[in-house]
Amino acid sequence: GNSVTQMEGPVTLSEEAFLTINCTYTATGYPSLFWYVQYPGEGLQLLLKATKADDKGSNKGFEATYRKETTSFHLEKGSVQVSDSAVYFCALSEFTGGGNKLTFGTGTQLKVEL
Amino acid sequence: EPEVTQTPSHQVTQMGQEVILRCVPISNHLYFYWYRQILGQKVEFLVSFYNNEISEKSEIFDDQFSVERPDGSNFTLKIRSTKLEDSAMYFCASSDSVTQETQYFGPGTRLLVL
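Just so you know, the sequences run in chain order A and B.
Sequential numbering from 2 applies to the first sequence in my numbering.
Sequential numbering from 1112 applies to the second sequence in my numbering.
Isolated chain B, as found in the complex (with noise of 0.2 Å):
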């Protein structure tokens, strides 16, 4: 069954550095996400992202994110100067045409910024 990947698995960063988070979608989806799970706390939406642009963000996605599809398979999150408060559990996600609210994650990529 197809699924969602994303790499690396765990990530650790010294604060003010960049990191960018890996996602490879299911290949027929047109819509993708990151939503991001601080330790003990909701999942919480970031970005969606189709026709190669961010259709909706969430005011936690501020300048300092942003997203890309660089080629036909892969969706990435940068973070460009990263803070304490970065430290979470991002998750990608992706849809459909069909179903497009049916959202299929990643196992997430934990990152830790010290």
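Extracted from the complex, chain A is given alone in its bound form (with noise of 0.2 Å):
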């Protein structure tokens, strides 16, 4: 069945570093892929999404490429901030005729700190 393995956490960062968080899949045929964001005491929101091998997901200068080649689709930022701590989650969609089924990955928890 279909995977999401992502780099193990906690990371832990100082203000402005840059941020590589690593995300591989195996899935069958071709998935959209994704990322989630949790906050502290919150739910997952989406981060950034992929359809198609070579498409880049970006949002609040987040960026992930979506690498069918190396199955890939890791999470990058340039200079990170203490509001991204946060949980990151990577997922892939598999449609189910009725809907979208989700397979998420561990997790990994960022710290930032100043």
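Please keep in mind that the hints were generated in silico from the structure rather than gathered at the bench.
Values in this document were obtained by computation on a predicted structure and should not be read as measured data.
Using N, Cα and C, we set each Cβ at its ideal position, and we do this for glycine too.
Check each hint, because a few of them may be wrong.
[Said to hold, decoys possible] Far from chain B, some chain A residues (derived; all Cβ distances over 10 Å): (1) G30; (2) D56; (3) A87.
[What the hints assert, rightly or not] Which residues of chain B face chain A? A few of them, derived with a C-beta cut under 10 Å, are: (4) E1114; (5) Y1146; (6) Q1148; (7) E1155; (8) S1159; (9) Y1161; (10) S1169; (11) F1202; (12) Q1214; (13) G1217; (14) P1218.
[Stated by the list, open to error] Subject to a maximum C-alpha distance of 20 Å in a straight line, what follows is the list of computed EDC-like cross-link-like pairs (lysine to aspartate or glutamate): (15) A:K78 - A:E64; (16) A:K61 - B:E1112; (17) B:K1153 - B:E1167; (18) A:K53 - B:E1212; (19) B:K1153 - A:E95; (20) B:K1153 - A:E43; (21) A:K57 - B:E1212; (22) B:K1194 - B:E1170; (23) B:K1189 - B:D1174; (24) B:K1153 - A:E9; (25) B:K1168 - B:E1212; (26) B:K1168 - A:E95; (27) A:K69 - B:E1212.
With the hints as a guide, bring the two chains together.
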């Protein structure tokens, strides 16, 4: 079946540091890929998505490129802020006929310090 | 901006009791989902619901679970006889007919079974 593997956390960075959170996937077909973010005490929010190979999703300074050849969708940000502290989830979407089922990675906790 | 809401935010129950978790999806959405996240583990798909019927369910979603859309706005998850291992955060999500795969999540209900 489909699966998503994320790098282990927690990741601790200083403000303005460069962020990479690795995500690889295993899937039949060509799924869409997502990054969701969960701030403390809140639900999952869609951060960005990419629907086909070589697409780049971007939002709030975060980017991720759908790499079919390496089955990866790594999340990057050039300069993190304290407000980016959250748990980040990589996910893929599989169409099931009556909607889409998301398969999530384990989540990576990011802590940004001053 | 429209959002998915869930009630209650927290629920504590005794093993063997029935619980009903409630969700109000975004009003023009047609696809509805439940996911759960056991503490420290992945977000897992439970069930998808479209056109007043279940379109897919996971192996977790056994006979103790049921979903219903009792009116035009609510979407509920019922657990008939709770077990200790049902303790988790339960997330509701919805998506529209155009961008089906982009799911919008509620803030979750934290269920604790004692």
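**OP:** Give me the numbers of the hints this structure contradicts, sorted from smallest to largest.
**Re:** Of the numbered hints, all hold.
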